[in-house]
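Please arrange chain B with the ligands on chain A, whose structure you already have, making use of the hints.
Chains A and B are the protein sequences, given in the same order.
Following my numbering, the numbering of the first sequence begins with 1 at its first residue and continues without gaps.
Following my numbering, the numbering of the second sequence begins with 1 at its first residue and continues without gaps.
To be clear, the hints were calculated from the coordinates, so they are not data collected in a lab.
Think of the CB as a built atom: it goes at the ideal place given N, C-alpha and C, for glycine as much as any other residue.
Careful, some of the hints might be misleading.
Cβ-Cβ distance ranges computed for the label pairs, FRET-style [stated by the list, open to error]: (1) A:Arg-286 x B:Lys-80: 47 to 57 Å; (2) A:Lys-96 x B:Ala-152: 29 to 39 Å; (3) A:Asp-217 x B:Glu-124: 30 to 40 Å; (4) A:Glu-33 x B:Lys-18: 17 to 27 Å; (5) A:Lys-96 x B:Glu-123: 17 to 27 Å; (6) A:Lys-22 x B:Met-1: 35 to 45 Å; (7) A:Glu-33 x B:Ala-154: 52 to 62 Å; (8) A:Asp-158 x B:Asp-54: 36 to 46 Å; (9) A:Glu-76 x B:Arg-55: 48 to 58 Å.
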Amino acid sequence: MSFGSPWFTLPEFTYHKPKTLKEALELLDKYGEEAKVMAGGVGLLAFMKERLMAPSHVIDLKGVPELGQAIYKEGEGLTIGATVTLNELARYGPLKKFGALHDAVRDIADPIIRNRATLVGNLCEAIPWVDTPPALIALGAEVEIRSLKGERRVPVKDFIKGPVEIDLEPGELVTAVHVPEPRRNSRSRFIKYNTGSEFALVSVAANVVMDGGRVRDVSLVYGAVSSTPQVAVKAADALKSAEKPWEVLDEVGRIASEEVEAVSDVLASEEYRRHLIRVLTLRVLREVMG
Amino acid sequence: MREITLTVNGERRKAMVKDNELLLDVLRDKLYVKSVKAACWRGECGLCTVLMNDRLVKSCLVLAVEADGAEILTAEGLVKDGEPSPIQKAFIEKGALQCGFCTPAFVISSHKLLTMNPNPSDEEIRSFLSGLICRCGTYNQIIEAIRGAQKAYASR
Ligand SMILES: Cc1cc2nc3c(=O)[nH]c(=O)nc-3n(C[C@H](O)[C@H](O)[C@H](O)COP(=O)(O)OP(=O)(O)OC[C@H]3O[C@@H](n4cnc5c(N)ncnc54)[C@H](O)[C@@H]3O)c2cc1C
Ligand code: FES
Ligand code: FES
Chain A
1 MSFGSPWFTL
11 PEFTYHKPKT
21 LKEALELLDK
31 YGEEAKVMAG
41 GVGLLAFMKE
51 RLMAPSHVID
61 LKGVPELGQA
71 IYKEGEGLTI
81 GATVTLNELA
91 RYGPLKKFGA
101 LHDAVRDIAD
111 PIIRNRATLV
121 GNLCEAIPWV
131 DTPPALIALG
141 AEVEIRSLKG
151 ERRVPVKDFI
161 KGPVEIDLEP
171 GELVTAVHVP
181 EPRRNSRSRF
191 IKYNTGSEFA
201 LVSVAANVVM
211 DGGRVRDVSL
221 VYGAVSSTPQ
231 VAVKAADALK
241 SAEKPWEVLD
251 EVGRIASEEV
261 EAVSDVLASE
271 EYRRHLIRVL
281 TLRVLREVMG
Chain B
1 MREITLTVNG
11 ERRKAMVKDN
21 ELLLDVLRDK
31 LYVKSVKAAC
41 WRGECGLCTV
51 LMNDRLVKSC
61 LVLAVEADGA
71 EILTAEGLVK
81 DGEPSPIQKA
91 FIEKGALQCG
101 FCTPAFVISS
111 HKLLTMNPNP
121 SDEEIRSFLS
131 GLICRCGTYN
141 QIIEAIRGAQ
151 KAYASR
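Isolated chain B, as found in the complex:
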């Protein structure tokens, strides 16, 4: 066991972890960041995606010890003073979800995309999000949601 310190959604957190623990499991089970989901544990579904030091990673493919000292941002962290961020509102407005299981991963990834490029083409959106799976098939609505949030990012 060793102690790691990480900043999760702006807050400094500590956790005791074993070297063989995954960041995914530590985020969910020790730090209670429940927006981070999992379906495959092998890098395929993308539901465990988080921003780590401003890079998207699949947290089932990262050791918790590797995240020592890192900054983690998840969908929870986009909410400011109880107010959902533009991308989160756009997901709701455009109905870009059905069961919602994949939503946090798509939200944080879309947020990253729009931060880098506020005006992506449909092709760029599809390619950027190609590592995430929505079993309910809301892909078209997700593209609309990104379009809907685009203005907010362009003016930042």
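Pulled out of the complex, with its shape left as it was, chain A reads as follows:
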């Protein structure tokens, strides 16, 4: 059935399904760089079929109950465990408080894939065009990392170091992503622009804190434009310093489109991406400020 083609088969490995976090960490410690963890497997199996990854040990996290929960605590925020699927998250009521993440999660791939794919897997995949990192960065989310040696927390912004490159040492595992409680008078949205395929040509997440008619704080983050998500600092400053922010939206879009890194590839030219950044900035700001 597989026609013997490597593209349709997986390289050989040993499958492990630990039942506790401790057991998972011990396996990771033992096999180090030889091991890859698997959540939904949507990304991992695809990489393995293409022989971009060939771990000798695959450690399936789905048997570890404590990684399977999304928990919201008022005033603290939302903690999303490593095996929470995108569909489970989309159905979790409190997600609505985190507008940008709500938007991103509900539009990834298709509903059948979202039955398996997880938020943490989407983040750890760290392909430039995946949807959740810009939303998570705009919301100030942090990654919770564990190993046998201990635990640490890293902002999502620093966790993604390059295309398919994350701040994770052999033996370490992401147990959850934590999204802090949204600030008062804040609002966030995520917009993805795609044609033909589900992958974004450009995506943008915006998170604003309004103060009367002015913008007290704003975070603008772009996905799919370069090798890592791009934060537009100058554009954000222009918006914050404006006395009448509604009147400078065009200018803010222009600054963002000039300031962030953008590349040309098979999906879009740099010029087109910069154009999209401008248009999408305008669109997303109208939504969050309105």
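Relative to chain A, chain B with the ligands alone:
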């Protein structure tokens, strides 16, 4: 090699599998569940879709070992005593197929949709089935078939 046990369309089945085998290939080549099709092996076409523990999954993205102990339902399993189920009859009545290659996947997915929601809007149907591709383009007839089977699910 290890032995896995799974319930396929109500029947307990065993198979010897390697850790790197896909559920898709084990279903077709070892358990002979031939309604499960494949065209891409990478999660895009949806033709390998089955219900696993009552959740739709694309079986080219699932390891066979992960399905140990699981319940699998495919289009074959909807047939009762040689009689096609309402959704299968509706596909025939509305001509919701041309070559038929995608039909089992659309049938099992439509079955799941109607079980959850016997009265979906056109928009809900389109979005729910958006992970499946019909190269013959029978999408409109598929929506009609779902409409045709709807009553049977509402009265269950
Ligand atoms: C047809 C198709 C369409 C798609 N469309 C979209 C789209 O529109 N938008 C989008 O953003 N994405 C899209 N994707 C990508 C998909 O969303 C991701 O592959 C998926 O979210 C990955 O999640 P997972 O749980 O399956 O991760 P896995 O495949 O299990 O893991 C992915 C990677 O992360 C690592 N990893 C996973 N969990 C952990 C952990 N806890 N700690 C450390 N490392 C970990 C794994 O080792 C692996 O390298 C699409 C994929 C397909 C096949
Ligand atoms: S073969 Fe599984 S989605 Fe195409
Ligand atoms: S009927 Fe031919 S692919 Fe759908």
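TODO: Check each numbered hint from earlier against the structure, then list the numbers of those it violates in ascending order.
DONE: Hints 6, 9 not satisfied by this model.
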